[in-house]
Amino acid sequence: MATDSNRDQILSSLRRSRGRDGPVDEATAESLRARIAGHKRNIVPARTDTDHAGLVDLFETMAQKVFATTTRVSDMAEVPDAVAEYLRGANLPSEVVMAPDTDLDAAPWADTSMLEIRRGVPDEPDQVSITSAPSAVAETGTLAMYSGPAHPSTLNFVPETHVVVLPASRVVKSYEDVFDAVRELTADPDRGGLPPRTVNFITGPSRSGDIEQTLLLGAHGPRRLHIVIVEDD
Amino acid sequence: MTTSSTVHSTSRNFKNNARDQLANEDLQAALNKARGHFVDGRATARDNLPEFDDLRDQARGIKDHTLEHLDFYLEAYEEKVVESGGHVHWARTAADAQQIVLDICRSVDAKQVNKGKSMIGEEIEINKALEADGIRPIETDLGEYIIQLRGELPSHIIAPAVHLTKAQVEASFRENHTELDEDRVLEEPLSLLDEARTILRKKYFEAEVGITGANLLIAETGSSIIVTNEGNGDLSQLIPKVHIVLASLEKIVPTLEDAATILRVLARSATGQEFSSYTTLSTGPKREGDPDGPEQYHVILLDNGRTDMLGTEFEEMLRCIRCGACMNHCPVYQSVGGHAYGWVYPGPMGSVLSPGLIGVDEAGHLPNASSFCGRCEEVCPMHIPLPKMMRHWREREFESHLSPGSVRVGLGVWSFFARRPRLYQLATGLQMRMLSWMGRKRGRLSSVPLAKGWTKYRELPAPQGRTFQSRWRSGERV
Ligand code: SF4
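Chains as they are written, first to last, in this note's numbering: chain W, 1 to 233; chain F, 1001 to 1478.
Do not rely on the hints blindly, as some may be mistaken.
Unchecked claim - For lysine to aspartate or glutamate, the following DMTMM-like pairs were computed, each having C-alpha atoms within a straight-line distance of at most 20 Å:
| # | chain 1 | residue 1 | chain 2 | residue 2 |
| --- | --- | --- | --- | --- |
| 1 | F | LYS1128 | F | GLU1179 |
| 2 | W | LYS40 | W | GLU160 |
| 3 | F | LYS1202 | W | ASP51 |
| 4 | F | LYS1203 | W | ASP123 |
| 5 | W | LYS40 | F | GLU1208 |
| 6 | F | LYS1203 | W | ASP51 |
| 7 | W | LYS173 | W | ASP25 |
| 8 | F | LYS1203 | F | GLU1187 |
Stated by the list, open to error - Pulled from the structure, derived: some chain F residues nowhere near chain W, Cβ distances all over 12 Å:
| # | residue |
| --- | --- |
| 9 | ARG1019 |
| 10 | MET1119 |
| 11 | PRO1137 |
| 12 | LEU1180 |
| 13 | PHE1205 |
| 14 | THR1255 |
| 15 | ASP1308 |
| 16 | PRO1331 |
| 17 | ARG1396 |
In case anyone wonders, no lab produced these hints; they're calculated from the structure.
The beta carbon of each residue, even a glycine, is placed where N, CA and C say it ideally should be.
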């Protein structure tokens, strides 16, 4: 591939268009590097200027607005029953595929005879997935998911129904808060200085407006997104 | 400017295209349904966010800053992609980009490529190139899937099948999905969606390569971002072992925070959503121990004429974030639909971008497809002065003597419409609304020669100020 000469030609036309015949001067480069390193926040909407309980409420309202459903439970012990009840109520199968995620181990799944649980990556026929969410953005009712050994991203997309367990303490204000959390993860020496491969911001179930602009849920990703909020604060 | 040898545009025929489209009842019915949806949606989203206009100003500032130092940020980005185990390929032309995609596909002996929606994919006609190489491209976005079955170009940058009625979609499905029961009921949009879902579901697991576009590239982290509603882009990039990102150079921003600002105006301007269902950041291939995700991650950075626009009066076009608001609010687009523009980018943004990418002789007529009502600039989240730039192209086209006679002597697109009053009788509702909208904004002409049939319905709106030609003659550069 002749991309090296392509690269040089593109870079030199970019520079010519700015009246330069080489890279930016060192002082400018320094200030641009500082701009990146500083990653200053721009305007963050004021709707999230509230206390933490207010943020959890805002998250829930915004998620419902985009057709997610929610339940609240008061601790992890109640999660399996809440999930089973949701699946039964929506007439959904009780076989689920669950992330091999230690967060979820805190719930007494074995006590619920109503769920048949497999841990791992979803296959095409799997109907229901259960994952936790490491973070959630109140501003728009958005879940944030990070890929990793215990967090297959395909669980967020392949099954028809995605059930998410969200400890309320993880609700943050804005996308920017999630970015800071991702930066913290990235700094973990075990990760080789790399962020998770995939960060999914998920706002409601999958949808499409491609047929006469009619809003339809469940285009290719989940038709249903159910969030169990665990009031752990 | 660069002209790619692979371009197949019918932009030269805008007038003929437009005439056909005005007489196309299916198109008019489909456009009628879509219009209110987009316009009202954006207005509501704007009203729900008091900071909306301040965010637009900041978003513009971010893009201007980035364009000023594009070489720096692209190199910084490249370094990060490589650090995370990915590959960056630079492509000057559409043909270069095609070649790079084919080479990657061949290296893994790919038989099938799944595609998330990508306008760059359309721009470089990647499906044709893949097919010619014996590789099956599968469009997975519902709208793109529909137009792929029909062998059409997208007619809108975010709603590729907006020109079709559900009956047309049904007919295409019946024609193509012959393995299914002929007597199945397929009238409702939901049954159409379900059928496409079922058919595509299996295909997600068959491809060796997944191709997506990118709404943004992040210099800070080497990440690419896709913004979608269906989840097809994610399935396309997560399951195959190779993920290729097609992105044009100007998609880059310095930091994640800069991306957040643009994301806050993008969905609101596009569909009126506060945030799209899925915003996905991808950085490199899967990590050790990850149970899913691609083993290879490639980004193709496409120029294809964009560097030639930098430093010219068209530079600001490179701020475009492809939200589609300009076409959703354009009376000309809303009358003739996207296909009349003859190439992949329709509406006001296409009228400015296409001549830059495929040349003024190919697409130089498009800037005449404007009423200069200014709505596009008003709603553009990036404050791109589209009408001004259309005038610049008209000057260039005029100077290069490419203008067909009717454009030089008349009122541009308005004279074209005015001379074809019958078209206005054919395409009723929308034109009426469009004209009354125009009329409300400024003065009216009660009659224009050659437009009798038209003014029978409505007074003709006055074109803004003097005509382009008279300005040009007096040496003004508008
Ligand atoms: S020109 Fe502006 S309004 Fe049109 S697609 Fe681009 S950003 Fe959106």
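How the hints compare with the structure:
1. F:LYS1128 to F:GLU1179: Since the Cα atoms of F:LYS1128 and F:GLU1179 sit roughly 25 Å apart, the hinted pair is violated (cutoff 20 Å).
2. W:LYS40 to W:GLU160: Answer violated: W:LYS40 to W:GLU160 is near 39 Å, above 20 Å.
3. F:LYS1202 to W:ASP51: violated, 46 Å
4. F:LYS1203 to W:ASP123: holds, 13 Å
5. W:LYS40 to F:GLU1208: violated, 39 Å
6. F:LYS1203 to W:ASP51: violated, 46 Å
7. W:LYS173 to W:ASP25: violated, 38 Å
8. F:LYS1203 to F:GLU1187: violated, 24 Å
9. ARG1019: With a cut-off of 12 Å, F:ARG1019 remains clear of chain W, as the shortest Cβ separation is near 24 Å.
10. MET1119: holds, 15 Å
11. PRO1137: Correct as stated: the minimum Cβ-Cβ distance to chain W is 17 Å, above 12 Å.
12. LEU1180: With a cut-off of 12 Å, F:LEU1180 remains clear of chain W, as the shortest Cβ separation is near 17 Å.
13. PHE1205: violated, 6 Å
14. THR1255: F:THR1255 is in fact no farther than 12 Å from some Cβ atom of chain W, at 4 Å.
15. ASP1308: Violated: least Cβ distance 7 Å, not greater than 12 Å.
16. PRO1331: Label holds. Min Cβ-Cβ 19 Å, cutoff 12 Å.
17. ARG1396: Holds: least Cβ distance 18 Å, greater than 12 Å.
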